[in-house]
Every structure is written in structure tokens, then in C-alpha cells.
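In terms of this note's numbering, the sequence shown is residues 1 to 424.
Treat the hints with care, since some could be wrong.
[Stated by the list, open to error] Label pairs and their in silico Cβ distance ranges:
#, residue 1, residue 2, range
1, PHE331, ARG81, 41 to 49 Å
2, ASP372, GLY192, 52 to 60 Å
3, VAL168, ARG424, 16 to 24 Å
4, GLU406, ASP248, 22 to 30 Å
5, GLY374, ASP47, 41 to 49 Å
6, GLU138, ARG16, 47 to 55 Å
7, ARG16, ARG293, 21 to 29 Å
8, TYR221, ASP12, 38 to 46 Å
9, GLU137, ARG293, 32 to 40 Å
10, ASN101, GLY310, 25 to 33 Å
11, ASN132, LYS376, 19 to 27 Å
Hint data in this document are derived by calculation from the structure and do not stem from the laboratory.
Here a beta-carbon is modelled for each residue, glycine too, at the ideal position from N, C-alpha and C.
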Amino acid sequence: MLNLKFIQENKDTVIRKLAVKNFDAKELVEKIIALDNERKNLQKESDNKQSEMNSISKQIGSLMKEGKKEEAEQARANTTRLKEEIAALTAQHNNTQNELNSLIVRLPNLPHDSVPPGKSDADNVIVKISDNVPAHEEGQLPHWDLAKKYQLIDFEVGVKITGAGFPVYKGMGARLQRALIYFFLEENTKAGYQEVQPPLVVNEDSGFGTGQLPDKDGQMYYVNEDKLYLIPTAEVPVTNLYRDMIVDADQLPIKNTAYSACFRREAGSYGKDVRGLNRLHQFDKVEIVQITRPEMSYEALNGMVKHVEGLLIKLGLPYRIVRLCGGDLSFTSALTFDFEVYSKAQDRWLEVSSVSNFEEYQANRLKLRFRDKGDKKTTMVHTLNGSALALPRIVASLLENNQTPEGIRVPDVLRGFMGTDYIR
């Protein structure tokens, strides 16, 4: 979340920058500042009464010794009155603080200065397109037909077992999933990321820490009896490994990677965009997360973008990189680069990764700070994450772009895991 002091001191900047995200923050910011001022005044009044009560309490003993019983009793009555007033002020202060907290978390992260204005993904800026984008050919089979032809994925039985958006991978389809997960994890660990295996369910504090809650509450699966959420991405548990911590500066950057199943309700999704593997409720993804010093975070972001690009190059997939505009930027992100792969049969681009810098937005929620050696002062870290990579649309693009009369050609880097050159 945004820093309260920063909001107070930079009101106009906050309003102007959030307008790039098409978020009208004026009324909310004004209310936050008013509540903060009210909170400070209540605290000051309470402190003054506490000081007065302490002073009177010290006088009671002296008055009793001097035989001034009536004055001592009056002093006791005053302390009782002040205690009641302080209690009322404390309750009012707490209510104001709670209301203030509930409003601050409704403010999105500020976008980086390089974020272009725009309303939707149509306004995103294309940064790069690979030179291997094929021409669309009539007669090419979409991945859902290829999956059926080669018995790789059973969408219908997934509907029977659970519902739409929960496919069952079979035979070489399951093997391809496993090969991609292994390949991504191996490449990530070679790049210095420590592999971790996190839980697939998290508590409310974890969802709040990375910004999924309360913003994405309706998109997350919830286990009512246990008050736990199924994770929408490994970013949530992996980043929360460091919640409520002060790390030593020499530990930074912290780099972790994790494979997990991901669960998203995707409420409101319909039409051609959800066919096959285009949009699922459960899918596999490998994530990379970094925690860095603030001055190093954009260098880290560029490094993560290069790393994800390298994965797509090794898979031989046609891709493009886009800088998200304000209207397409997530609630928590300051700057995001999306990676999209080309779907040859569908003649469309499919998002497979978002690489984002959250600056200190998540760290403020997580209470995650670092300290230099010999320094008493602590500083908020910056957090970053990216998909490296999400599997469903990678599989869709691999199938469609590698279909041949001999079968589905397996990318060179996966052949050792797959044990074959072609899926037939």
C-alpha cells in the first residue's frame, strides 16, 4: 500500500499519477488526509489528558500527607474523569485508525513515469517482436483439436470431474507439462533463483500482503471452513516467506523460484477467449520472485525481462514484449512487461508472462524491510515477480506452431525430457 506520509506530503502527485491508471483518487485521498489529521488530533488530545492525569496523580499523595483530604478526593475525581475521557478518545482514535486503514488499501500503486496512458490492452506499447513470427495459414489446427488428435488433453472429462476450466492432461500431454516445469525450474535455478515448494493455500494475511486482498477477493477460491484461499499464483506464498521480517542488506537480492498449480475463478470470462487452454480455472505455472534494494529494482526488472525472453527463445516460440499502459496495469504494479506468444492457428497473441516491479507497495503491506550493517535505520525493500512461465498458453503455442505432417515437433530443449523428437 502507499505510504501515509507520502500521501500527506504529495497529494497532487498521487492524484495525478493514479489518473494514469484511470483511477480517480481525489475524493479518496482527501478523505484519507482528513482522517489522518483527525487521528493525529485525537492522539494529541489523549496524550495531553494522559499528561494531565499523571500530574494530578502525583499530587494526590502529597495532598493526603498535608491533610488536604478534600482536595485529594477532588483530585481523585478528576483522574477518574480523565480516565473516562481518555478511554473515549482511545476508542474514537481506534475507529478512525481502522477507517483510515480501510481507505488506504483501496489506493492502487502509483505507476512508474514510463507507463503510457491508455484505457485497455489495446493501448499497450509493443516493445519488441521476435523475428520468427509465422504467417497465418488456413487449415492449421487449433491446439484443442491437436490435443484431441494426439490424445494429449481431455477437456470433456475435466468438466465431468470438476467443471469447465479444469482439463485433464494425458500421456504425452502430461509428459509435456512435466517437461516444461522441469525445464523452467532448471533454467531459473541456473540464473541464481533458489527453488522453493510453497503451500497451495494461504491465509488472509498472506493474500493481503501481496495485494490480492481485498482487491481480487472475488477472483480467488475460498475454503470457508478453514478461512484459507487457494493461491492464484506462487507469488503469494513465496513473497510472504519474508512477511514481518527485517533482512540484512547483504542478503539482497533475494531470488526464489517455485512451481505451483494456480487457481483463479475468472468470473465473467466467456466466448472464444476461454476455449481450450486460453483461459483456465486451474493451471500450472513457474514463478520467479525477487526482493531487492530500492535503487536496484529496475535493474533487476530488466534482468528478469531478459531471462523470460531467453526461455521463449530457447523454446523457439514467436513472441512479443509489451509495456502495459495505465489502464491495463494491475492494482499493485508500478511497471509491467507482458510476454505474449503467437498462436498460429488462432492468429492471435496469448499472454504467457507478466514481469512486474511493485516497488515498495507490497513491502509496506508485508512489513518487509532491510537494514545495512551497523545501521539502526530500516528501509523498505522493493519486490518483483514474473511468470517463468505459465504453461497453458505455452502449450497451446507449442502445439500450434510445431504441427507438421509427421506430428508435433518437440523443441530441441525439451527432447531430453520428452524422450522423443515428435509427438505422434
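Do the hints match the structure? See the list:
1. Between PHE331 and ARG81, the C-beta spacing of about 47 Å keeps the proposed range 41 to 49 Å intact.
2. The hinted range of 52 to 60 Å is not satisfied by ASP372 and GLY192, whose Cβ atoms lie roughly 22 Å apart.
3. At about 20 Å, the beta-carbon gap between VAL168 and ARG424 stays in the expected band of 16 to 24 Å.
4. At about 55 Å, the beta-carbon gap between GLU406 and ASP248 misses the expected band of 22 to 30 Å.
5. Taken as a hint, the range 41 to 49 Å is violated for the pair GLY374 and ASP47, whose Cβ atoms sit roughly 33 Å apart.
6. Taking 47 to 55 Å as the suggested C-beta distance range, the pair GLU138 and ARG16 conforms, at roughly 49 Å.
7. As the Cβ distance of ARG16 to ARG293 is approximately 27 Å, the hint placing it in 21 to 29 Å holds.
8. Judged by the Cβ atoms, the range 38 to 46 Å given for TYR221 and ASP12 holds: they are separated by roughly 40 Å.
9. About 49 Å separates the C-beta atoms of GLU137 and ARG293, a value inconsistent with the hinted range of 32 to 40 Å.
10. The given range of 25 to 33 Å is broken by ASN101 and GLY310, whose C-beta atoms sit roughly 42 Å from each other.
11. The given range of 19 to 27 Å is broken by ASN132 and LYS376, whose C-beta atoms sit roughly 54 Å from each other.
Checked against the numbered hints above, the structure breaks hints 2, 4, 5, 9, 10 and 11 and satisfies the rest.
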